[in-house]
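Colleague: For this one, chain A is given, so just place chain B on it according to the hints.
The lines below spell out each chain.
2 protein chains.
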Amino acid sequence: MRSSQYLLSTLKETPSDAEIVSHQLMLRAGMIRKVAAGLYTWTPSGLRVLRKVEKVVREEMEAINALEILMPMVQPADLWQESGRWDDYGPELLRLKDRNQRDFLLGPTHEEIISELVRKEISSYKQLPLTLFQIQTKFRDEIRPRFGVMRAREFLMKDAYSFHLSQESLQQAYDQMYQAYCRIFERLGLDYRPVIADTGSIGGHSSHEFHVLASSGEDAIAFSDGSDYAANVEMAEALPPTGERAKASMEMQRHEVKGDDLAALLQPLSVETQQAVKCYIAEASDDIDAEYVLLVVRADHELNTIKAEKHPAVASPLVLVDSHKAHGIHPAFLGPVNFDGAVLVDHSAAHLADFACGSSENGVWLTGVNWDRDASITATVDIRNVVEGDPSPCGNGQLKIARGIEVGHIFQLGKKYSDAMKVGVLSETGKHETLTMGCYGIGVSRIVAAAIEQHHDERGIKWPNNLAPFQVVLIPMNMHKSARVQETAEKLYQSLLDAGVDVLFDDRKERPGVMFTDMELIGIPHQVVIGERNLDDGMVEYQARKDGNKIKLSIDDVVSHLQQQLA
Amino acid sequence: MRSSQYLLSTLKETPSDAEIVSHQLMLRAGMIRKVAAGLYTWTPSGLRVLRKVEKVVREEMEAINALEILMPMVQPADLWQESGRWDDYGPELLRLKDRNQRDFLLGPTHEEIISELVRKEISSYKQLPLTLFQIQTKFRDEIRPRFGVMRAREFLMKDAYSFHLSQESLQQAYDQMYQAYCRIFERLGLDYRPVIADTGSIGGHSSHEFHVLASSGEDAIAFSDGSDYAANVEMAEALPPTGERAKASMEMQRHEVKGDDLAALLQPLSVETQQAVKCYIAEASDDIDAEYVLLVVRADHELNTIKAEKHPAVASPLVLVDSHKAHGIHPAFLGPVNFDGAVLVDHSAAHLADFACGSSENGVWLTGVNWDRDASITATVDIRNVVEGDPSPCGNGQLKIARGIEVGHIFQLGKKYSDAMKVGVLSETGKHETLTMGCYGIGVSRIVAAAIEQHHDERGIKWPNNLAPFQVVLIPMNMHKSARVQETAEKLYQSLLDAGVDVLFDDRKERPGVMFTDMELIGIPHQVVIGERNLDDGMVEYQARKDGNKIKLSIDDVVSHLQQQLA
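Protein sequence lines correspond, in order, to chains A and B. No gaps in the numbering here: position 351 of the first sequence is 351 in my numbering, and each next residue is one more. No gaps in the numbering here: position 49 of the second sequence is 49 in my numbering, and each next residue is one more.
I should point out that these hints are in silico values taken from the structure, not numbers from a laboratory. Any given hint could be a false lead.
Chain copies aren't distinguished; within one or between two, either way the pair holds.
Straight-line C-alpha distance at most 30 Å; calculated BS3-like pairs for lysine-lysine [to be verified]:
| # | residue 1 | residue 2 |
| --- | --- | --- |
| 1 | Lys431 | Lys12 |
| 2 | Lys247 | Lys415 |
| 3 | Lys120 | Lys552 |
| 4 | Lys34 | Lys415 |
These figures come from a predicted structure and were not determined experimentally.
Isolated chain A (complex conformation):
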């Protein structure tokens, strides 16, 4: 491609409404343009990247025998009424009426449509297992669309669905999909982690999210420095401390304290936060004979409400009680001593001896408190978020915490949809069997933004080879003034095209500085600069965007050098 016949559309200024780096750079590098809130046009450079993501995703789906189909974006309401999602979904589901006042919606996902297809199309166990996928435009009416294509309303997604007669078959497809996702993100040159994700009400360890690591990520991920283990911080198990709890050595003492800031009120008591506990009151479930449950974690830890909610003693969904309103006690002074109800204590808090805690009396804290002697424990449980330095639950290494951008999610749906929509086949024994399902998503357009969050510097984007809008750019210096530069550039351009290299030839009548700035902003990984001075020696200059390293190359070696860089 020649720049003179292309639409570069680079911007010098950072648009004021772009908050994150990827959004800023996608606008500045001429990849997207806003049409309305959360709606974007992909301009030529952006679309080239999007298509490259799409291609890798498609190839890896085909490699695991997933079959591509294309479902409509506009979906009839009746199928969603059948699954129950028509009522479950809030206003993020864009509902609409056609000219006959029939209800439709713009699809955010396609579980209903695929279930309808499979229940009509598949009648025998012989046709199973089956995995179908599509790469298709989705719509989600976000309450606050932002960050460009990172959280757009209209976006491109790969969604796959698998159908099985048994959990073993589903697990096999799930594992294959997991591996395919790993290959996709590897081929795209991204630093990513598959992390164990929450499965919500369905339960089981049957969901993974795939995160691209980037400091701007919205999710916190805990991963081991000694293994492949990774999980959402909220999902990662906090192991109990090893060894015996220390023996009680102090007497319990009352202290009148000032204010209600934990750190501030502990200071005069000479107690560190890791030697104190903090408490929350939650509504109890019907399973136990008490109205309330006290949740106790170490004062330097964070309560994990997802873990707490899963405990049978706790009402689900979790309801934290405002103790000030309900009992007149400020939350900072809640404590386990003489608490009337079940007391669930996090492992780390339960391991403390001679600790400090609230007294259930406003303005008073206790020190030298000891479990069993001064306060009882109903159960010792894991109800905190892990922190950096915790031992990894896999048994190897310590946990690190990183930020991630979710770009993929695989999920064992089980029979949620196939029960509701009666998706089944005749089994080998002639019995009707309801199918079990998996669903597998990749945010194709979001990957583009996530890749930029991970690969950029102050001058622009630094594309991995397989994502770049062009892999190579030819920059002739002052070509319109030098016939020799022009001739060499044209010849090199032709040789690169002949060799199948994805090359941009910057043949604009621009100053070299403008060209360098543009190409670094756009982030083309490999740059070949043709200038008078080097031509005297039969040389051109090669520069890698990745590290900025420059080398001189003989003109004859350019093609083979680039092929090596791209291999």
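Modeller: For chain B alone, kept in the frame of chain A given last:
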């Protein structure tokens, strides 16, 4: 691809709600499944064909330097209010509101979005001319969606838009696009005609439709048997008859006739329809000093209202007057003698002497009427549809009439949108100039149906090579009973894959008859049958779907023979 890992989804029965052959065959061959009226899922075989069309279209667009972009399907109303189309469009435009009650629509085309992009992105004449295209899902809320993907509500379209400073530049891009369209339809193996199309209110010969010829086509096309000339029947010029009009030889006579059917009332008079004229009354334009205009065509011809409307004496839009209501005269008895108003006579009718016509008195016809002597002509004009056998307006050959399916449309828009939306640049002389635009559509999903209308027989689809879901199918006969058949089939399959041939290996445990029936229905162009009997001689059987011809091939020659067929 192996059938056993694929979703063939063929049907034996023709679904009762499919009216036309392509719809029936797309359902039976497992290409599409209905989700709701006018909404379809493309199943694997259908999507494979759709993607092949897409690929050829994309390659030919890139070959003329059109740049691909991707605009959103959901469009904000404000841009359509600016262009005026928000009010102009009827209910076929699906309007919707987002969660904030803002107005949006599902795009049937993208003139507004692209105009918005270009007016913001292009500021200098140096960036012109520019042609942008996309291949994207469109929505049109058809009042009666039918014929499967031929007239669906959600469909895939290639839409391109070009921007220019001058009419010459637009004409150049238009001509390039015309050639690219020809290459696309040729590569797809379709018998097509580019036809001169009506440009509506914009005028000029600046629009062509591309029609795939098929007897089920909704449009009638006139084309020359002696040249490339083709036009919509409504657009084709009817040349005036050559030679002088014959002299009057009869006296005008009154005849009382029965009924009001033209053919029936002419019979007792012994007058052929081509020796009689029929008349219509239209409202006159303000340009002339009369209330009505009489439109006169030969009784065997059809009035062409599009042509009539373009005459300055006729009010635009054309209003045909109900003469029975307005003047108490049944339309069958209207005539030109003593007509009070302008009389526009079609060339063929004006060429008649001693003709028959109505008398403007109910129940009475006249014979032996002659122009000038008995009735005056205000103007001789072309206001009829052409008929088979008319001389071609290009001067070479005679016109034939065929049915066509419109699959492409190119159009010189001029400044319709760029005036309304202020799309302009600074010219070379520093002046602000409004751009002139072209738009160019191809119905990607419709091509799939149109190709089937043109290429099928009673057994199924007969795909052209470049459209087929698979180009070759390997059919092993009773493979599960013969190790030799299986081995040969597996080897051939691998050789074909290695040679890059797009092959389906029908490895199902089915009777040969079932396999043949399925593969002929699906329409795979090249069939290789591996059976015990032929293997004795080291041979397999090759059959072309196109003509059913069978030949024996040595196993070693299969790959090269197929490559030859596909070249």
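Colleague: Of all the hints numbered above, which does this structure not satisfy? Sort the numbers upward.
Modeller: 2 and 3
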